[in-house]
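**Student:** Please take these sequences and the hints and turn them into a complete structure.
What follows is each chain in one-letter form.
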Amino acid sequence: MFRKVLIANRGEIAMRVILACKELGVQTVVVYSEADRLSLPVRMADEAVCIGPAPNSESYLNIPAIISAAEVTNVDAIHPGYGFLAENANFAEICIACGIMFIGPPPKMIKLMGDKALAREVMQQRGLSVLPGTDRINGSKHFERLAEQIGYPVIIKAVAGGGGKGMRVVRDPGELSRSVELAQVEAGKAFVNPAVYVEKYLEHPRHIEFQVIVDRDGNAVHLGERECSIQRRHQKLLEEAPSVAVTAEQRAALGEKVALAVRDLGYESVGTLEFLMDPQGHFYFMEMNTRIQVEHPVTEAVTGIDLVKEQILVAAGESLSFRQQDIEWRGHCIECRINAECPDTFVPSPGTITAFIPPGGPGIRVDTAAFASLKISQYYDSMIAKLIAYGPDRTVAIQRMRRALDTMVVEGVKTTIPLHQKILRHSDFTEGRLSTSFLERINA
Amino acid sequence: MFRKVLIANRGEIAMRVILACKELGVQTVVVYSEADRLSLPVRMADEAVCIGPAPNSESYLNIPAIISAAEVTNVDAIHPGYGFLAENANFAEICIACGIMFIGPPPKMIKLMGDKALAREVMQQRGLSVLPGTDRINGSKHFERLAEQIGYPVIIKAVAGGGGKGMRVVRDPGELSRSVELAQVEAGKAFVNPAVYVEKYLEHPRHIEFQVIVDRDGNAVHLGERECSIQRRHQKLLEEAPSVAVTAEQRAALGEKVALAVRDLGYESVGTLEFLMDPQGHFYFMEMNTRIQVEHPVTEAVTGIDLVKEQILVAAGESLSFRQQDIEWRGHCIECRINAECPDTFVPSPGTITAFIPPGGPGIRVDTAAFASLKISQYYDSMIAKLIAYGPDRTVAIQRMRRALDTMVVEGVKTTIPLHQKILRHSDFTEGRLSTSFLERINA
Amino acid sequence: MDLSELKELLRTVVENDISEFEYEEAGVRIRIKRDHPAGASGEDSRPITESPFNAGHSLGGDERQSIAKAAAQGTAAGIHTIVSPIVGTFYNGPSPGVDPFVHVGDMVQEGTVLCIVEAMKLMNEVKSDVSGKVIDILVENSQPVEYGQKLYLIQLRKG
Amino acid sequence: MDLSELKELLRTVVENDISEFEYEEAGVRIRIKRDHPAGASGEDSRPITESPFNAGHSLGGDERQSIAKAAAQGTAAGIHTIVSPIVGTFYNGPSPGVDPFVHVGDMVQEGTVLCIVEAMKLMNEVKSDVSGKVIDILVENSQPVEYGQKLYLIQLRKG
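Sequence order for the protein chains is A, B, C and D. For the first sequence, our numbering gives the first residue as 1, with consecutive numbering after it. For the second sequence, our numbering gives the first residue as 1001, with consecutive numbering after it. For the third sequence, our numbering gives the first residue as 2001, with consecutive numbering after it. For the fourth sequence, our numbering gives the first residue as 3001, with consecutive numbering after it.
No lab work stands behind these hints, which were simulated from the structure alone. Hints should not be assumed to be uniformly reliable.
With a straight-line cut-off of 30 Å between C-alpha atoms, the simulated DSS-like cross-links for lysine-lysine are [to be verified]: (1) A:Lys189 - A:Lys165; (2) B:Lys1108 - C:Lys2121; (3) B:Lys1004 - C:Lys2121; (4) D:Lys3007 - C:Lys2033; (5) C:Lys2150 - B:Lys1004; (6) B:Lys1375 - C:Lys2150; (7) C:Lys2127 - C:Lys2150; (8) A:Lys375 - C:Lys2033; (9) A:Lys309 - B:Lys1422; (10) A:Lys236 - A:Lys111; (11) B:Lys1375 - A:Lys375; (12) D:Lys3121 - A:Lys111; (13) B:Lys1375 - D:Lys3033; (14) A:Lys200 - A:Lys189; (15) B:Lys1111 - B:Lys1200; (16) B:Lys1004 - A:Lys422; (17) A:Lys375 - D:Lys3007; (18) A:Lys189 - A:Lys111; (19) B:Lys1189 - B:Lys1200; (20) A:Lys165 - A:Lys200; (21) D:Lys3150 - A:Lys4; (22) D:Lys3150 - A:Lys375; (23) C:Lys2150 - C:Lys2033; (24) B:Lys1200 - B:Lys1165; (25) C:Lys2133 - C:Lys2150.
Listing some non-contacts, in silico: residues in chain A with all C-beta distances to chain D over 10 Å [stated by the list, open to error]: (26) Asn88; (27) Asn90; (28) Ile96; (29) Ala160; (30) Gly188; (31) Phe191; (32) Asn219; (33) Thr345; (34) Arg394; (35) Thr436.
For every residue, glycine included, the Cβ atom is placed at its ideal position computed from N, Cα and C.
**Tutor:** Here it is as structure tokens:
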């Protein structure tokens, strides 16, 4: 096992990795920007190294500074968390070149899945359905006919995409040409790579994703699905496991396909395959995330498996301690992302947290790095806590989440708590009528 | 079901009952003393009524004030929590006389179990072993011969006892007479009733207790045991479920006896039977607590049953939703009591909590009413939080508890956290070598 | 230092959220201490639930605090507050339909019965512990009251 | 001290996030205390773990805070602090066994090379951005340093 791990991240995920390392008896080093000097991970890690000023480019995205910190603290491995450098193949390669284990998949897997059009292709070859669509479009020729074949509405997506940037829905053939051009400009600005592709646009799909974990010996296990349909601007806000729309048979069948596909590709580490699900119960592969997800705790709750610990163990070359037949799904779990932002407009609300009382009691887990007197910086992500409610069934999980939201106190900044309170009491939610347009619908 | 419940308690157990009521959709009223005006239960209950000044006798033990608050707020039932009036048969009778349901057993059961000598008798009649001992001793005649028969060492206990008061261990026959007299004086002062009895004293027993729940239809279910051997001055400090010393066969056999006994007595509600266990694996019934215990969460974790919710449901006349054969024990759970006191001397450390950061992450539950800026009053119990760690097995539960203790921040008052850190890293604890003298041994 | 300077100093201390300030020079000594320089304020995400207690509105945290303070400190100079000694139901007169014991504007003596608070079927008379003029009655007839709740304001008789 | 001076002092205390300030001279005594200057303080129940970083001791919260402050503010009047621009390993000279670039007591000019911080096999020279006398070297040779860590104190040349 690793003796010492550096955590190249901040906030709740840095805390999460510290907790996993402490359970494994592994020493921790966190790197931090000047803005995070008084943060909880800095306080809780065994060592902490300031790597630069607040802006990401000079600290959490500053590869030389992070590698230098890893060298002076003499760590065996780097955990990238999510966001920042977690899906940066170049960073993973540099780690390996410097003799530091990158806790994630091999760099070529990050690269492969970073190309959304290529990922579609390799997964289709391995038996996963994808939505009718084109290969990448560099110019703007021919695709009018392709869009016609696919049938409107279509969606234009960036090959290097993520976070909703470079995405455009086109309902009218007359708007296709202009939309492709705009998407290319956006993609170029956001990801350097301007390439886009066109795909059939589903109107009210569910967002369903499958969690996999693969060890170096090629043991690939899927841990079932998460439903993440409740999103705003393509960013997830509430997730749950299992999905009310997925049957045990569907879970077993698609899960098996998914595990076989990633093993066949030579994938290692944890990963998530995102699908859209249409009302007829068809699943369409969208993309694969090659890191731990924000919403991993809901899977941990229903399977009893500590994903971050397993991710570290697998990176250290350990064989998985379980096989597919050992996995049982039990109960129901919901996660609400508590963001420091206005619940109506989603405008970030930086400031100092004057009071912070996380809820407790049975079935409640809180993953956070927040505390009373912490300053929420405008430099970083607005998520300040993940509220996770588990129960023997979805009804109890909902009851527990409601009372957890009702008894959580955050003062000094605005949060998404009121929005979650609204969602958890909406009949479409309690009855499981979900789709990615849920939030627009209930706010309309 | 009840429409509205009054909570005649404070601190974490008041919060715990509020959470259960919120899940059940029941309105809550808390009563509070002037010292608790800014407390979390007062903030979180639907209604709050000040019933008197800080001293217990004028507020939380003030029966007329509590009943009056119940009447003006028009509640259906009163939850007494633990401590205060929870085992006061007179209070339970008054509630019932006023047409308010008392969430607990029938008053005559409280009275019966409040007489420790009588409780011994009725349980012995129902097949539970008790330690060799005498009936109550009012005078000081004849018991020298009885003590001789039992064999030294013996322990003198108050009939109305609890909390270690009126207890005396006698190793030397020459000290018996004087010790009985002293115990009688102590018992008289502490409980009004000076009666004592004599029992065989076990040198290094384990404290094992069984949780039962009985509904009005006479369905009696046991939820297995908790090990509470780690005590200081007869007060529990750390509890776990299951006990490493109890086999599945022992659990099933004793559990069945216990459930039959309480059903036969006409018991209702939750209750706990405390046993001493000798190194040979014999269990001796000591006493029964007729209320929810501080350490109930460890049983909730391993059985998946919400004891406080079930307690309220049973009081409302609902039939238990499970039978004995539905109960499964899964995983391992440890609870550490975080008290505001010096970890070496156990002297209470009242003051203002200046920072309070409860730990999070997988498997951790925190039951507390504490928060940054709360003033810990010298009037009340020193327990400020219960830290509860669950894992698939005892090893993982221990790892999680360690990292939870290491990442918990309480500033402004001294706490028992350092003592728990020491216990959790002691080989006698990790290897399960426990007895009620554990703490003396490791501190020696 | 004159009064206006002192006032300015006080303002500065508060604006800058200072908890303690001491100054000593040439026989002048100033000491300022504040208990809760900032304290919890801001937005509360908890949904407000209606309560039948206290005239149809739930006591929020701030309100509870202010009541506690008022009860502890009394109110402005020369005005005395009569608070409820117990939790129960407030009655302004000996029985329904009968004239209240006192009206706003009445003069009362030390020992004058002001109201009854019923608790557990017992009628507890609340007497004035001062002499003066009733200037406000703060609760409605047959309203529930809690321990320490303000009931009457009495303007103390001068001299 | 007059009021405007006192106000300025108070402001300075707040701006610099000082929690306690005391001053006494020739019969003048001033004490200022603030409750929550920025970070948490008081007792920490966390066990201190040893760290090889920063000369064998882990940076506790308070220390980290004070470093941040010092780095941000500089130190006392006339003294300039040179901080590390990057995380890496500190070398006081061009190579092992060779004389250090500067010693305590040396005069340095703006632009004088003071040390090297090695990061990812790259040797980064740290130059003085002021002229003056080296009055303290705060780190040992070949010790790891973090971003913003104080390396040298320079007494500025007067005038």
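**Student:** For each hint, tell me whether it holds in the structure or not.
**Tutor:** So, going through the hints one by one against the coordinates:
For the hint linking Lys189 (chain A) to Lys165 (chain A), the alpha-carbon distance of about 10 Å falls within 30 Å, and the restraint holds. For the proposed pair Lys1108 (chain B) and Lys2121 (chain C), the alpha carbon gap of about 25 Å is at most 30 Å, so the pair holds. The straight-line distance between the Cα atoms of Lys1004 (chain B) and Lys2121 (chain C) is roughly 21 Å, inside the 30 Å bound, and the hint therefore holds. Using a Cα cut-off of 30 Å, the hinted pair Lys3007 (chain D) and Lys2033 (chain C) holds, with the two alpha carbons roughly 16 Å apart.
Distance restraint check for Lys2150 (chain C) and Lys1004 (chain B): the Cα-Cα separation of roughly 26 Å lies within the 30 Å cut-off, and the hinted pair is therefore satisfied. Restraint check: the Cα-Cα separation between Lys1375 (chain B) and Lys2150 (chain C) comes to about 25 Å, which is no more than 30 Å; the hinted pair holds. Between the alpha carbons of Lys2127 (chain C) and Lys2150 (chain C) the distance comes to roughly 14 Å, so the proposed pair stays at or under 30 Å and holds. Annotation: proposed proximity of Lys375 (chain A) to Lys2033 (chain C) holds, straight-line Cα distance about 26 Å (limit 30 Å).
Between the alpha carbons of Lys309 (chain A) and Lys1422 (chain B) the distance comes to roughly 24 Å, so the proposed pair stays at or under 30 Å and holds. Of the supplied pair hints, the one linking Lys236 (chain A) and Lys111 (chain A) holds, its CA atoms being roughly 24 Å apart against a limit of 30 Å. For the given pair, Lys1375 (chain B) sits about 24 Å from Lys375 (chain A) by alpha-carbon distance, which is consistent with the 30 Å threshold. With a CA separation close to 27 Å, the supplied pair Lys3121 (chain D) and Lys111 (chain A) stays within the 30 Å bound.
Between Lys1375 (chain B) and Lys3033 (chain D) the CA atoms are separated by roughly 20 Å; this keeps the pair inside 30 Å, and the hint holds. The hinted pair formed by Lys200 (chain A) and Lys189 (chain A) meets the criterion: a straight-line CA distance of about 24 Å does not exceed 30 Å. Distance hint between Lys1111 (chain B) and Lys1200 (chain B) is fulfilled; the C-alpha atoms sit about 25 Å from each other, no more than 30 Å. With a C-alpha separation of about 24 Å, the suggested pairing of Lys1004 (chain B) with Lys422 (chain A) holds against the 30 Å cut-off.
This hinted pair checks out: Lys375 (chain A) and Lys3007 (chain D) have alpha carbons roughly 27 Å apart, not beyond 30 Å. At roughly 19 Å between alpha-carbon atoms, Lys189 (chain A) and Lys111 (chain A) fall within 30 Å of each other, so this suggested pair holds. The suggested pairing of Lys1189 (chain B) with Lys1200 (chain B) holds, with an alpha-carbon distance near 24 Å, which does not exceed 30 Å. Proximity of Lys165 (chain A) to Lys200 (chain A) is assessed by CA-CA distance (about 18 Å); at most 30 Å being required, the pair is judged to hold.
At roughly 26 Å between alpha-carbon atoms, Lys3150 (chain D) and Lys4 (chain A) fall within 30 Å of each other, so this suggested pair holds. Taking the CA atoms of Lys3150 (chain D) and Lys375 (chain A), the gap is near 25 Å; set against the 30 Å cutoff, the hint holds. The suggested pairing of Lys2150 (chain C) with Lys2033 (chain C) holds, with an alpha-carbon distance near 28 Å, which does not exceed 30 Å. Annotation: proposed proximity of Lys1200 (chain B) to Lys1165 (chain B) holds, straight-line Cα distance about 18 Å (limit 30 Å).
About 16 Å separates the Cα atoms of Lys2133 (chain C) and Lys2150 (chain C), which keeps this hinted pair within 30 Å; it holds. Taking the minimum C-beta to C-beta distance to chain D, about 16 Å, the non-interface status of Asn88 (chain A) holds against the 10 Å cut. Every CB of chain D is more than 10 Å from the CB of Asn90 (chain A) (nearest about 14 Å), matching its label as outside the interface. In this structure Ile96 (chain A) is separated from chain D by more than 10 Å, as the shortest Cβ-Cβ distance comes to about 14 Å.
Every CB of chain D is more than 10 Å from the CB of Ala160 (chain A) (nearest about 27 Å), matching its label as outside the interface. Annotated as non-interface, Gly188 (chain A) keeps its C-beta farther than 10 Å from every C-beta of chain D; the closest such distance is 30 Å. In this structure Phe191 (chain A) is separated from chain D by more than 10 Å, as the shortest Cβ-Cβ distance comes to about 26 Å. For Asn219 (chain A), the shortest C-beta to C-beta distance to chain D comes to about 34 Å, beyond the 10 Å cut-off, and the non-interface label holds.
The Cβ of Thr345 (chain A) sits about 30 Å from the closest Cβ of chain D, beyond the 10 Å cut-off, so the non-interface label holds. Every CB of chain D is more than 10 Å from the CB of Arg394 (chain A) (nearest about 38 Å), matching its label as outside the interface. Listed as outside the interface, Thr436 (chain A) is consistent with that label: its C-beta sits roughly 41 Å from the nearest C-beta of chain D, beyond the 10 Å cut-off.
The structure shown violates none of the earlier numbered hints.
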